[in-house]
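Read top to bottom, the protein sequences are chains A and B. The opening residue of the first sequence carries number 1 in this note's numbering; numbering runs sequentially from there. The opening residue of the second sequence carries number 1 in this note's numbering; numbering runs sequentially from there.
Bear in mind the hints are in silico, worked out from the structure with no lab data behind them. This structure is a prediction, so every number in the text was calculated from the model and none was measured. The beta carbon of each residue, even a glycine, is placed where N, CA and C say it ideally should be. Please note that the accuracy of each hint is not assured.
[What the hints assert, rightly or not] To spell it out: a stretch of chain B is covered by chain A in this simulated footprint if at least three of its residues, at any positions, have a beta carbon under 8 Å from a beta carbon of chain A; those stretches are:
(1) 25-31
(2) 295-302
(3) 307-318
(4) 369-379
[Said to hold, decoys possible] Derived PhoX-like pairs: lysine-lysine, alpha-carbon spacing no greater than 20 Å straight-line:
(5) B:437 / A:316
(6) B:72 / A:158
(7) A:314 / B:264
[Said to hold, decoys possible] Calculated Cβ distances over 12 Å to all of chain B for the following chain A residues:
(8) 93
(9) 95
(10) 135
(11) 177
(12) 234
(13) 240
(14) 248
(15) 277
(16) 341
(17) 343
(18) 411
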Amino acid sequence: MISPDTNSFAETEPATGSACGAATGARAPTFSRRLANGLTVLVRGNREVAVATADVWVATGSAGETPEISGISHFLEHMLFKGTENFGLGQIEREIENIGGACNAGTSYDFTHYYITLPSAGLDRGVQMLAEMVRSWTLDASELEKERGVILEEYRRKQDNPGAMLYEDAYERLFAAGPYHHSVIGAESTIRSITRDQMLDYYHRHYAPSNMTLVLTGDVSDEDAIALAERHFGDYERPYNPILAGPEPTRYGVAESFHREKPTGGEVYWALARSASEPADSDGPEGADFIVALDLAQFILGQGRASRLYREIKQKRSLASTVSCHYSTMRHGAGFMIDATCERAKQAELREAVEAEVARLGEEPIPPADLNRARRLLTSAHLFSFETCGSASSQTGYYHMLTGGIDFLDSYLDRLAAATPESVRAAVTAVLADGDWVEISVGPEASGEGDDSSASTDSATNGAN
Amino acid sequence: MSASPPSSTSASPPAPLAHAPLVRKRVGALEVLLAPRPGSGLIVSQVYLRRASADESAEEFGLASFTASMLKRGTRARNSEQLNFDLESLGALTGHSAGIDAATSGLRSAADDFPEALPIFFECLQQPAFDARELELERQSVLAYLNRIEDDKLSFTYRHYVERIFAGHGYGHHVEGTPEEVARITPEVCRAWHNRMYRPEQMLFVASGDFEVDAMMEWLAPLAQGWPDGAGEPVSRYDRMTTDAARAGISNLESTPDHFEIEKDLEQGFVVAGFKAPEHTHPDYHALRLASAVLGEGFSGRLFSNLRDRRSLAYAVGSSLRSHRLGGHMMMYIGTQPERLDEALAGLLGEAENLTREGITEDDLTRARNYVSGLFLMGRQSLGARVSQMAHWEDLGLGADYDARYLDDLNAVTTEAVVQAARKYWRDPVIVVLRPKS
């Protein structure tokens with residue numbers, strides 16, 4: 001299960017090694033406690049490291065926005081670093097970096113989170129700083145205007161990145177209506193128009209303890225973690241009063257082709273995407289087992305050099321220079337996407353070959369060796385994804401935001417072990433068999449395809465425009 | 001914003017992590033460094049080859065990187081498909097790449113699967129097939145990658161910057177080569193490079209994770225004999241450097257300011273600017289490391305605070321000190337709208353100049369030191385980062401167990417040393433501007 005793209009507050013430090021942590025840590029259950037004010041606290045201790053992460057997750061993101069304030073969750077995420085009742089501009093970051101910590105934040109469709117990783121001796125101060133940001137935030141009008149300029153630069157940066165534009169276009173068209181239709185960063189017009197009053201209103205409605213989860217990982221005990229949470233968040237009271245009473249139903253785009261003309265180094269960035277929501281009348285695995293089955297399908301099909309798409313598309317037929325498969329689950333929808341970079345002239349043949357491989361996965365029995373390979377890779381990736389406390393908090397918080405609980409995370413390895421070739425095939429058949437793909441490409445037109453417009457859409461059949 | 005935060009000058013530096021002692025062993029000619037971490041359930045290993053891009057002659061540019069990539073494309077015993085299927089069926093991930101000073105091959109897996117994956121990993125290193133069809137596929141892949149660099153502003157601008165900051169030095173050519181250099185690579189030259197360079201006496205094997213030393217040595221013992229016959233590379237890489245000054249180190253090269261502009265069809269422009277810097281083992285290194293941190297690392301670095309927070313000039317802005325065996329550079333970067341590109345460039349250079357002219361405070365130094373120390377400790381959580389760091393420091397002659405002394409070296413730096421180092425090296429900037437077409 002690949003987490004959706006987030007818009008990070010700032011450039012992050014490059015990764016210094018592989019993700020994740022101790023196998024015992026990954027296999028250990030998550031400690032969970034709900035404080036009296038409604039704040040959920042999740043703890044995954046790993047006392048072998050002398051660092052810890054404190055990570056506050058707010059269960060609101062772009063999916064909770066109305067169209068006229070599209071991008072406000074992300075904008076607010078930036079603004080939370082701009083001062084509180086007790087700390088001026090830049091002082092919180094300086095305080096954190098002064099004790100050897102690093103902070104950042106991210107916004108996605110269903111959540112926003114703020115995190116600090118630091119030597120564990122400073123964890124109390126780190127949690128205090130997080131609490132200061134989310135509880136005692138103040139919004140200075142001039143800082144809002146200055147940060148608007150920063151976000152517009154972030155927006156422009158994305159426009160120049162064909163890979164990022166591919167995902168933006170794919171999500172906009174796959175989620176033709178509903179909570180995931182609008183991009184997380186918003187439109188240029190809404191970034192320019194969001195007001196101070198709108199932001200204050202949005203903040204007060206959504207940044208309530210009952211809508212938050214505090215995740216603590218690394219060098220901290222369960223008892224100490226709860227004590228820290230009580231000390232810095234225990235007396236935090238604010239009612240949760242979301243702008244939207246509930247999500248608009250997700251409506252998926254189908255059978256559409258869209259090309260955005262954009263100069264690139266030569267290739268087009270290409271994707272096929274479609275709904276991967278669990279159907280109500282499926283005969284196959286259900287709930288968490290359905291998600292695990294599609295995780296496995298993703299790896300059989302398009303993760304790793306021995307995956308089917310890699311072998312067929314890259315090795316045998318040289319149809320693309322990169323190809324991979326991604327399964328994204330959100331709270332109110334899911335998408336299955338195959339992306340590639342290829343010559344524009346090979347795009348049609350690439351699509352045909354990809355569709356044939358997906359069809360084969362649903363039609364033919366899955367050899368046990370294929371399932372074993374996918375299972376072992378996923379197990380290894382899961383274990384390694386708990387190696388650092390930062391990665392462990394991301395995993396823990398993300399799964400909690402997605403499912404509302406900890407059972408999925410804690411049972412993930414067991415569910416992987418229990419999956420069968422039949423369960424994977426049944427899940428694939430349930431969602432991927434009908435050929436209703438949204439096709440997206442970003443890049444130059446093929447020679448002879450002159451088109452004055454910057455984007456063209458063919459054969460839209462389900463209102464994706 | 002009514003009250004100030006408590007004074008932070010008293011912040012104490014982060015304490016080092018405790019780790020099990022490092023064990024040094026040898027398997028035949030292969031030097032082995034082991035750092036067990038019991039209970040983790042995982043093992044990460046790396047073969048660190050002290051031969052790479054800097055060892056290439058002009059006719060060989062791109063060859064170290066290309067040969068490393070070919071190691072995943074089949075062995076004499078298994079074709080590419082079988083090799084990758086066998087490794088992935090163990091949940092094992094491998095990677096092979098070459099940098100400027102070293103080529104690395106990595107293997108990571110759950111501890112239970114490691115003994116079975118290790119011989120396959122060594123098979124890649126010892127018996128690569130260099131199959132002609134696989135080589136063509138790799139060539140296509142590298143050429144496509146070189147094209148995709150055009151689509152990433154930082155990578156594209158940085159590539160031009162590296163050519164200029166290291167002009168006249170072996171470091172100035174690109175590790176992956178140019179399309180023309182990649183086009184001339186054949187199975188024969190890969191094989192010859194492999195026979196000459198992939199010698200156990202030129203390697204380190206480093207592993208960390210959930211294993212016992214004796215068990216790891218048992219797993220390695222039968223693999224010691226698998227190396228192909230060959231004489232190895234008798235010539236030190238530094239003999240291949242183009243000038244005496246280059247051999248002595250980057251910071252001894254003549255310094256010349258350079259300003260290069262490229263136009264592309266873009267919404268946002270990008271600037272990379274920087275200065276030559278000494279190698280990691282140079283006495284000025286740590287002072288410069290902290291000068292970079294004061295200037296542009298973290299959210300309270302001056303570039304972020306002054307250019308992003310106060311002037312809204314950019315989303316992406318910062319600085320970074322990059323160090324290789326013979327030296328490196330301190331680069332600054334910023335991306336902004338076309339109308340403010342010149343202002344952004346002036347902002348980068350102005351902040352660097354302000355630091356050299358006005359100096360830094362004790363608070364600045366404390367923040368920078370603790371920030372860098374904290375990053376160092378956080379980076380050491382993962383086994384992969386640990387083995388990479390051990391191998392790198394061992395290769396530099398600092399010793400794989402340099403960790404504790406690293407923090408001591410940082411703590412010994414004074415504000416005066418930071419400013420002196422910045423004044424010494426931050427002269428004659430090399431600037432590359434990627435400017436949107438008007």
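Closest CB of chain B to the CB of residue 343 of chain A still more than 12 Å away
Not fine: 9 Å to the nearest Cβ puts residue 343 of chain A too close to chain B.
Chain B versus residue 177 of chain A - minimum CB to CB distance exceeding 12 Å, so not interface:
holds, 28 Å
Test the statement that residue 95 of chain A is away from the interface with chain B: the closest C-beta pair must be farther apart than 12 Å.
Incorrect as stated: the minimum Cβ-Cβ distance to chain B is 5 Å, not above 12 Å.
Hey, residue 314 of chain A versus residue 264 of chain B, does the alpha-carbon distance stay inside 20 Å?
Not satisfied, since the Cα-Cα distance of roughly 30 Å exceeds 20 Å.
Given as non-interface: residue 135 of chain A, which should sit over 12 Å from chain B by C-beta
The assertion about residue 135 of chain A holds, with a minimum of 15 Å to chain B.
Given as non-interface: residue 234 of chain A, which should sit over 12 Å from chain B by C-beta
holds, 22 Å
For the pair supplied as a hint, residue 72 of chain B and residue 158 of chain A, confirm whether the alpha-carbon distance does not exceed 20 Å.
Violated, because 33 Å separates the two Cα atoms, which is more than 20 Å.
Per-stretch coverage check for the segment 295-302 of chain B, three Cβ contacts closer than 8 Å to chain A:
holds (count 3)
Far enough from chain B: is every CB of that chain over 12 Å from the CB of residue 248 of chain A?
holds, 30 Å
Are three or more residues of the segment 307-318 of chain B within 8 Å, CB to CB, of chain A?
Coverage by chain A holds here, the residue count being 11 at a Cβ distance below 8 Å.
Taken at face value, is the distance from the CA of residue 316 of chain A to the CA of residue 437 of chain B at most 20 Å?
violated, 40 Å
Count the residues of the segment 25-31 of chain B whose Cβ falls closer than 8 Å to any Cβ of chain A, and tell me whether that reaches three.
violated (count 0)
In this structure, the earlier hints numbered 1, 5, 6, 7, 8, 9, 16 and 17 are contradicted, and the remaining ones agree with it.
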